[in-house]
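Chemist: Here the protein sequences line up with chains U and C, keeping their order.
Residue numbering for the first sequence is 171 to 350, as defined by our numbering.
Residue numbering for the second sequence is 6 to 438, as defined by our numbering.
Any given hint might turn out to be false.
In silico BS3-like cross-links for lysine-lysine, where the CA-CA straight-line distance does not exceed 25 Å [said to hold, decoys possible]:
#, chain 1, residue 1, chain 2, residue 2
1, C, LYS177, U, LYS251
2, C, LYS430, U, LYS237
3, C, LYS144, C, LYS118
4, C, LYS177, C, LYS152
5, C, LYS112, C, LYS66
6, U, LYS237, U, LYS203
7, C, LYS108, C, LYS152
8, C, LYS66, C, LYS108
9, C, LYS118, C, LYS108
10, C, LYS183, C, LYS100
11, C, LYS177, C, LYS112
12, C, LYS144, U, LYS251
13, U, LYS237, C, LYS433
14, U, LYS217, C, LYS108
15, U, LYS237, U, LYS251
Because the hints were derived from the structure by calculation, they are not lab data.
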Amino acid sequence: MSAQKFAADKLLWETLGRWKRSSPELNRIQFLKTVPFFDRLSNRQLKSVSAIMFERTYDTDETIFEKGQPGAALFLILDGKVAIEIFSETSTTRLAVLETGAFFGELALLDETPRSADARALERTRTLALYRNDLNEFVHRHPRAACQIYRSLAGMVGDRLRLTNELVQRKTPVDTAGLG
Amino acid sequence: MSNGQEFGEKERERKVRRTVFYLIFSALALILGGFLIWKLSGLILPIIVGCLLAFVFRPVKDRFRIRWLPHGLRVLCSFAAIGVVVFFAFNTLRKHIPDEEQKLEFKVRLKYKLNERYRQLVAKSPEGKSNAVTPLIEKEVGPLMDKVNQSLELNSQERDLFLKYAAGYNGKPSIQSKFVDYFWTNQKTREYVIPEKLSAGVESAAAPVAAAPAQPPAAEDGTNLESKISAWILAPLIFLFLGFDNGQIRRFFISLVPNRYFELSLTVLDELDDAIGRYLRGTLLECFLVGLTLTLGLMLLGIPLGIAVAIGVVSGLLNAIPFLGTVIALVIGVGYALIAENVTPLIPGLNPNDLALYVLILVVIVHVLDDVVFQPFVLGSAANVHPLVVVIAIISGSLIMGLWGMLFAIPTVVVVKTAIATFFKELKDYRII
């Protein structure tokens, strides 16, 4: 094989590899790997999870969900910033500002409990939404992957319960920053 | 003007542009949709049937899970299984749907049998004495029989055709001579008597027509049938392609929904899918159970398997039309029982001459079973529609699309009712209204 042909083949394969690596699907899978919810899943399982997610883009100041609405989906921030806030008649309490890689509204994956706070995009924000009933369907098709997701969810809910218990025991002013 | 104000102004302008764009786009889509519906009205029914079948049988595809089998092959396998069942059911049905000749023979045969029964009913004893009830029957039932005979009378065109078929026409064997004789006898006398009692002279009257040349069926009918068949090819195609869909269609429509209604639309779609799916699949199961019960009952009464299946399939399908389904099942069942000959019931002690009565009892039993057992267990309260709405819907359906309209009337009412109820409930839950 001539050196020229070898160089041409190498260039071709590198280009193809770059193209494959930069496909939106692969980007999404790479992103999902960084989210604690899905860090135990294999690439193949992540591909299946990615296929049932909805990508939504929110403008600055656009509301993602409001307090009191029935929860239906978990949101992951692909890029942008989201504020979790509670509005009252007299004031607004900002509970947290979430950035790329963070997630919120995870309790919606368990039941239709109303949202406990508002979520608002602070800048143009791209999110991935995982709908509860799609995850329920996913359990039948990919039981192992779904089991891992629910384990992560249970772990997170457990952590938050422990944190709440500690806070109640200490009877200190509640700092809920970081809670979705 | 500060940067913030400028940005706000641009955003407002963008919102106005977006609203105008959506309005124009929606208006254009509506006009185009209306035009297509008007132009392609012949395709609407096959499309609806294809979509309905795909929707109803989706759980079959979802439950057919073999890990190593690719999605496409899984869909093909599950739909092939459904296709085979549907093909055999309709093939059996097709074989027993009367063609032109059988329809004519059916009319003559029914008239023959009805009059035979009537004469048995009003027959005098060998001594020439009649019982006290006979004159009363003759007085009351006689005029009714006259009307029935008139309605079963063949018109001149049908008469010619019947005589051609009687002698063997269009590659078909000749009709049983007993009915041809009956036809000829009463053609002249109109007294509706049984031909065995008449002279043999009438038989020869059929001879001149026997040599009638066979005519090919009209070309127009063929073209019509062809266009109908080509339109109906769409139904299985849509059924198959929707089966291959792995949620892409839903994702596409959800992607069009504004962010504000994202979660709402997911919830509404899901609840609609669940409620309508439960109703349609429940109705299908109910129709299947009714058809199966009727088929088994007819078989026990000694009706041949093919005919029993055909009556069961038609009655089962038409059971989706409230009130009317049972009446049609009764008419078909009793109609066949009246013309059936050489039937031996499998249940001992039943008199084959009373077959029509047994079929009547069977249809009533199946109807009661449907009301008391099938509907409550299979459908539950999914189809709570007021009887007045049912009647209006069926009449409207028949005016718009004939039999198909009647068949789809109640499912359409249930779908619309469920859609409106779910939509308003969710709009309130999401605090949009």
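Chemist: Taking the hints in turn, state whether each one holds.
Modeler: We went through each hint and held it up to the structure:
1. Proposed proximity of C/LYS177 and U/LYS251 is contradicted: the alpha carbons are some 80 Å apart, above 25 Å.
2. At most 25 Å may separate the alpha-carbon atoms for a hinted pair to count; C/LYS430 and U/LYS237 meet this at roughly 18 Å.
3. Of the pairs offered as hints, the one joining C/LYS144 and C/LYS118 holds, with about 20 Å between alpha carbons and a cut-off of 25 Å not exceeded.
4. Of the supplied pair hints, the one linking C/LYS177 and C/LYS152 is violated, its CA atoms being roughly 32 Å apart against a limit of 25 Å.
5. Simply put, C/LYS112 and C/LYS66 have alpha-carbon atoms about 45 Å apart, too far for the 25 Å limit, and the pair is violated.
6. For a cut-off of 25 Å, the pair hint linking U/LYS237 to U/LYS203 is broken: about 29 Å separates their Cα positions.
7. Between C/LYS108 and C/LYS152 the alpha-carbon distance is near 19 Å, which keeps this suggested pair within the 25 Å criterion.
8. The suggested pairing of C/LYS66 with C/LYS108 is violated, with an alpha-carbon distance near 40 Å, which exceeds 25 Å.
9. About 15 Å separates the Cα atoms of C/LYS118 and C/LYS108, which keeps this hinted pair within 25 Å; it holds.
10. As the CA atoms of C/LYS183 and C/LYS100 are separated by approximately 24 Å, the hinted pair is consistent with the 25 Å bound.
11. Using a Cα cut-off of 25 Å, the hinted pair C/LYS177 and C/LYS112 holds, with the two alpha carbons roughly 18 Å apart.
12. As the CA atoms of C/LYS144 and U/LYS251 are separated by approximately 92 Å, the hinted pair breaks the 25 Å bound.
13. Annotation: proposed proximity of U/LYS237 to C/LYS433 holds, straight-line Cα distance about 14 Å (limit 25 Å).
14. Between the alpha carbons of U/LYS217 and C/LYS108 the distance comes to roughly 60 Å, so the proposed pair goes past 25 Å and is violated.
15. Our distance criterion of 25 Å between C-alpha atoms is met by U/LYS237 and U/LYS251, whose separation comes to about 18 Å.
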